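Take a look at the letters that make up each chain.
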Amino acid sequence: MKRHNIQLNEAGELHHFLDVEGLKRELLVNILDAAESFTSVKAQQVKKVPLLRGKAIVNLFFEPSTRTRNTFELAAKRLSADTLNVNISTSATSKGETLLDMLNNLEAMHCDMFVVRHAQSGAAHFIAQHVAPHISVINAGDGSHAHPTQAMLDMFTIRRHKGAFADLKVAIVGDILHSRVARSQIHALTTLGVTEVRVIGPKTLIPDDTASLGVHIYHDIWEGLRDVDVVIMLRLQKERMSGALLPSEHEYFKLYGLSPEKLAIAKPDAIVMHPGPINRGVEISSEVADGPQSVILEQVSNGIAVRMAVMSILMGQTFGKEKGASE
Amino acid sequence: MKRHNIQLNEAGELHHFLDVEGLKRELLVNILDAAESFTSVKAQQVKKVPLLRGKAIVNLFFEPSTRTRNTFELAAKRLSADTLNVNISTSATSKGETLLDMLNNLEAMHCDMFVVRHAQSGAAHFIAQHVAPHISVINAGDGSHAHPTQAMLDMFTIRRHKGAFADLKVAIVGDILHSRVARSQIHALTTLGVTEVRVIGPKTLIPDDTASLGVHIYHDIWEGLRDVDVVIMLRLQKERMSGALLPSEHEYFKLYGLSPEKLAIAKPDAIVMHPGPINRGVEISSEVADGPQSVILEQVSNGIAVRMAVMSILMGQTFGKEKGASE
Amino acid sequence: MKRHNIQLNEAGELHHFLDVEGLKRELLVNILDAAESFTSVKAQQVKKVPLLRGKAIVNLFFEPSTRTRNTFELAAKRLSADTLNVNISTSATSKGETLLDMLNNLEAMHCDMFVVRHAQSGAAHFIAQHVAPHISVINAGDGSHAHPTQAMLDMFTIRRHKGAFADLKVAIVGDILHSRVARSQIHALTTLGVTEVRVIGPKTLIPDDTASLGVHIYHDIWEGLRDVDVVIMLRLQKERMSGALLPSEHEYFKLYGLSPEKLAIAKPDAIVMHPGPINRGVEISSEVADGPQSVILEQVSNGIAVRMAVMSILMGQTFGKEKGASE
Numbered sequence: 001m002k003r004h005n006i007q008l009n010e011a012g013e014l015h016h017f018l019d020v021e022g023l024k025r026e027l028l029v030n031i032l033d034a035a036e037s038f039t040s041v042k043a044q045q046v047k048k049v050p051l052l053r054g055k056a057i058v059n060l061f062f063e064p065s066t067r068t069r070n071t072f073e074l075a076a077k078r079l080s081a082d083t084l085n086v087n088i089s090t091s092a093t094s095k096g097e098t099l100l101d102m103l104n105n106l107e108a109m110h111c112d113m114f115v116v117r118h119a120q121s122g123a124a125h126f127i128a129q130h131v132a133p134h135i136s137v138i139n140a141g142d143g144s145h146a147h148p149t150q151a152m153l154d155m156f157t158i159r160r161h162k163g164a165f166a167d168l169k170v171a172i173v174g175d176i177l178h179s180r181v182a183r184s185q186i187h188a189l190t191t192l193g194v195t196e197v198r199v200i201g202p203k204t205l206i207p208d209d210t211a212s213l214g215v216h217i218y219h220d221i222w223e224g225l226r227d228v229d230v231v232i233m234l235r236l237q238k239e240r241m242s243g244a245l246l247p248s249e250h251e252y253f254k255l256y257g258l259s260p261e262k263l264a265i266a267k268p269d270a271i272v273m274h275p276g277p278i279n280r281g282v283e284i285s286s287e288v289a290d291g292p293q294s295v296i297l298e299q300v301s302n303g304i305a306v307r308m309a310v311m312s313i314l315m316g317q318t319f320g321k322e323k324g325a326s327e
Numbered sequence: 001m002k003r004h005n006i007q008l009n010e011a012g013e014l015h016h017f018l019d020v021e022g023l024k025r026e027l028l029v030n031i032l033d034a035a036e037s038f039t040s041v042k043a044q045q046v047k048k049v050p051l052l053r054g055k056a057i058v059n060l061f062f063e064p065s066t067r068t069r070n071t072f073e074l075a076a077k078r079l080s081a082d083t084l085n086v087n088i089s090t091s092a093t094s095k096g097e098t099l100l101d102m103l104n105n106l107e108a109m110h111c112d113m114f115v116v117r118h119a120q121s122g123a124a125h126f127i128a129q130h131v132a133p134h135i136s137v138i139n140a141g142d143g144s145h146a147h148p149t150q151a152m153l154d155m156f157t158i159r160r161h162k163g164a165f166a167d168l169k170v171a172i173v174g175d176i177l178h179s180r181v182a183r184s185q186i187h188a189l190t191t192l193g194v195t196e197v198r199v200i201g202p203k204t205l206i207p208d209d210t211a212s213l214g215v216h217i218y219h220d221i222w223e224g225l226r227d228v229d230v231v232i233m234l235r236l237q238k239e240r241m242s243g244a245l246l247p248s249e250h251e252y253f254k255l256y257g258l259s260p261e262k263l264a265i266a267k268p269d270a271i272v273m274h275p276g277p278i279n280r281g282v283e284i285s286s287e288v289a290d291g292p293q294s295v296i297l298e299q300v301s302n303g304i305a306v307r308m309a310v311m312s313i314l315m316g317q318t319f320g321k322e323k324g325a326s327e
Numbered sequence: 001m002k003r004h005n006i007q008l009n010e011a012g013e014l015h016h017f018l019d020v021e022g023l024k025r026e027l028l029v030n031i032l033d034a035a036e037s038f039t040s041v042k043a044q045q046v047k048k049v050p051l052l053r054g055k056a057i058v059n060l061f062f063e064p065s066t067r068t069r070n071t072f073e074l075a076a077k078r079l080s081a082d083t084l085n086v087n088i089s090t091s092a093t094s095k096g097e098t099l100l101d102m103l104n105n106l107e108a109m110h111c112d113m114f115v116v117r118h119a120q121s122g123a124a125h126f127i128a129q130h131v132a133p134h135i136s137v138i139n140a141g142d143g144s145h146a147h148p149t150q151a152m153l154d155m156f157t158i159r160r161h162k163g164a165f166a167d168l169k170v171a172i173v174g175d176i177l178h179s180r181v182a183r184s185q186i187h188a189l190t191t192l193g194v195t196e197v198r199v200i201g202p203k204t205l206i207p208d209d210t211a212s213l214g215v216h217i218y219h220d221i222w223e224g225l226r227d228v229d230v231v232i233m234l235r236l237q238k239e240r241m242s243g244a245l246l247p248s249e250h251e252y253f254k255l256y257g258l259s260p261e262k263l264a265i266a267k268p269d270a271i272v273m274h275p276g277p278i279n280r281g282v283e284i285s286s287e288v289a290d291g292p293q294s295v296i297l298e299q300v301s302n303g304i305a306v307r308m309a310v311m312s313i314l315m316g317q318t319f320g321k322e323k324g325a326s327e
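Residue numbers (the working numbering), protein chains in the order written: chain G, 1 to 327; chain D, 1 to 327; chain S, 1 to 327.
It is worth saying that the hints were derived from the structure and are not from the lab. It is possible that part of the hints are untrue.
Said to hold, decoys possible - A short list of chain D residues far from chain S (calculated; beta carbon distances all over 12 Å):
#1 N9
#2 T83
#3 R159
As the list claims (entries may be wrong) - Taking lysine-lysine and the BS3-like style, the derived pairs with C-alpha atoms no more than 25 Å apart in a straight line are:
#4 D:K47 / G:K48
#5 D:K48 / G:K48
#6 S:K262 / G:K47
#7 S:K262 / D:K48
#8 S:K262 / S:K238
Just so you know, these numbers come straight off a predicted model, no measurement behind them. Note that CB positions come from ideal geometry on N, CA and C, so glycine has one too.
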């Protein structure tokens, strides 16, 4: 599909990172391997590498975010890039400038990468379709569509704990319908060869076409968690609670919240993941979130290495390789 | 006039950059030449030079701006300076501190340069009159008075396309009355020796004393654009439309908006400029803005090099020259 | 008391800097000496040292502040650290995340230091009690409790002007009751061996237990200022004026505002200090604030060196010493 080719340059290398869907396993493994090389950076005395020195990376956040923006900014700084935070609400778009004019202007300032978060699905693709050829775009979350760097840091965390993907059983629990994270995770897990991906949630929160993604659907969490190696809890957007889609928070926790009892259904060495920020007592109990099987904070930590990996791959600058050098 | 001498140090070198008016041609040419030396920086592998390493540059924006603030911040970072964005609305002035006390405090923190934007004409001059001798001030736009770095990046763009200034015919079209950009452009063009500067606009938007600046006034754009080499369109502040000064947007475009038909009156190789952000269909048609004669995005791009040039000249740090070294 | 030990590591070295109270004189002198070594940095051509290169320092300001945040940010940049400004109001806490979850996430991003300002007394202690062992916390002001870096820059300024502390008479004038600055100053002054610390203010603004801190209380400023070497004026929070605690601003200035006449009671070479921002004509007259005995702007300037000192001591990185190198 043409929609995905936009992520690759003519040599088949990643130029944008918009969506896990449609990318080959090899490219995903490349990201995980590059991230592995960066985990040593954080341990060394000075946590910086000069790979992206002189590059200008623009954070274009049309939707508020602390965690994601901070990890992208820290990742960029550790690669020695210059960062620019563009506050959209105070930008010239409020003077009637179109989004494309704003992008063209940022391009003309010789920026090298846009990290985009937007409430609308497809926004990062739209931007990637319109930027100049030398600019790379990273999708940092668009509507309920995709959040590929989150999915890749989750894959990185799983690989660190479980090694090979092939024999794993992974369950994703919660509001699949509205979750860009779940969508990207499903594509990443299946591409990386996970045998069995399960999604667990109430009927109102699982889209009708979910089965076509090659996953197994469970509405009963006690059944769905049986023998899984990895439990991925999704954040429950509290603003959905007011509608007809969900019962009360208390009721939701009783049915789908991860308690020690429910976790006991999974394999004894199962790991528990969550993209954060967590709603304690809604989708996950504090006992589990802070317990020995939780790797939630490791995910945040791995987010830096994975984003450093994606940024340097897009810029063609990874350890021991330099895009263009041999071209 | 003493008001302009404040920009120069005792050696006659630029110490502040507040206004093009009153500066000698040689100083303006110096800025253009220094900017030329920085255009190679953006092309090289690493876009940074260490000229201002350890200098602290404060963005003091009392008026919102994305484009101008971003280009100053990027220019400073490419010179390896540290930047500080002072958010005026949350600053201590809201605790009843005076502006001068705030400036004194920033000085005491050993900041080296203030980049000032303010809604009031004269604000940057006022600040320059009161800062400590080691601090340089750049006017990034004050009221309807001056915007000298914008004018210089326009001159740089013209020189790159047209070479010598002497034989050019340049037209500035639109709301001259409220435009700090136009005022600075007129001074820069006449100082650099442009033969014929024309201003074009409705009577209500051209100040009475404009002719005294040595320009030709046209109210009929079809007449004013005849045979010009450069067309500079001004942004129409939409908030002026509500008053009695202007007809409707549609009417304005019909009379003064730059359409392909009107542009055909100019020389065939005329370039079209605009300081941005543009109002498509108000002062300029999309066909012209995105057309082959438009250099609007080049202007943005040149803005980085010109601001790097101004910053390093004020700090006495240009390639091959170091202020104080020989004194 | 255990409450203070939290600031020290097992080797008795500073690990957090939360409060002057309970710290030994030697540790305070260490900070002053380190700050002395940094005052040369600001004078040298390039004002940067690479001591904290690769460290990530997070500004966590729950309360607005320009001056303090700017000096911490500049100090961090001059030490070559990366800085991250976390805007609390837009952070995930607004999505229902707890403060501790937010801190844990920042920790997981491998941040090294939190600079915390909070309206509630004890907030920085609370955070220090809960962060991971590798993270240092600096209290940049918590409620009416403590503001230790402000107190230390004041001590540094006094030492530069007066040399030894032992024989000094120091007066602190104003709203002692609500002042975190005063509280930290009193502890610093007495720890450093100042003979006579006086506090001067109306009964309503001096807490009942003040005498137990080893200071002398004066309600008559004409008496309290007699023969002092140092006069420290406190900022009057104008929002207190509306209550019953204070008369009008005009009345306050007449009684406790520092005028040239009142200053004449002090020693002829007494210095005048103020943490800023100043209320001209309320707690201090412009004549005094801008006069020859005022060292108010020197305080701001010294704030950079003192904060660089504290940051590098906490990170175990001072000139000629490297924590962990010999361990």
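Tested hints:
The non-interface label for N9 (chain D) is consistent with chain S: the shortest C-beta to C-beta separation is roughly 18 Å, beyond 12 Å. Chain S draws T83 (chain D) into its interface by the beta-carbon criterion, the shortest separation being 9 Å against a cut-off of 12 Å. Its beta-carbon lying about 33 Å from the closest one in chain S, R159 (chain D) satisfies the requirement of being farther than 12 Å from that chain. Between the alpha carbons of K47 (chain D) and K48 (chain G) the distance comes to roughly 18 Å, so the proposed pair stays at or under 25 Å and holds.
Of the supplied pair hints, the one linking K48 (chain D) and K48 (chain G) holds, its CA atoms being roughly 17 Å apart against a limit of 25 Å. In summary, the hint linking K262 (chain S) to K47 (chain G) is not supported, as the alpha carbons are separated by about 54 Å, beyond the 25 Å threshold. In summary, the hint linking K262 (chain S) to K48 (chain D) is not supported, as the alpha carbons are separated by about 55 Å, beyond the 25 Å threshold. Taking the CA atoms of K262 (chain S) and K238 (chain S), the gap is near 22 Å; set against the 25 Å cutoff, the hint holds.
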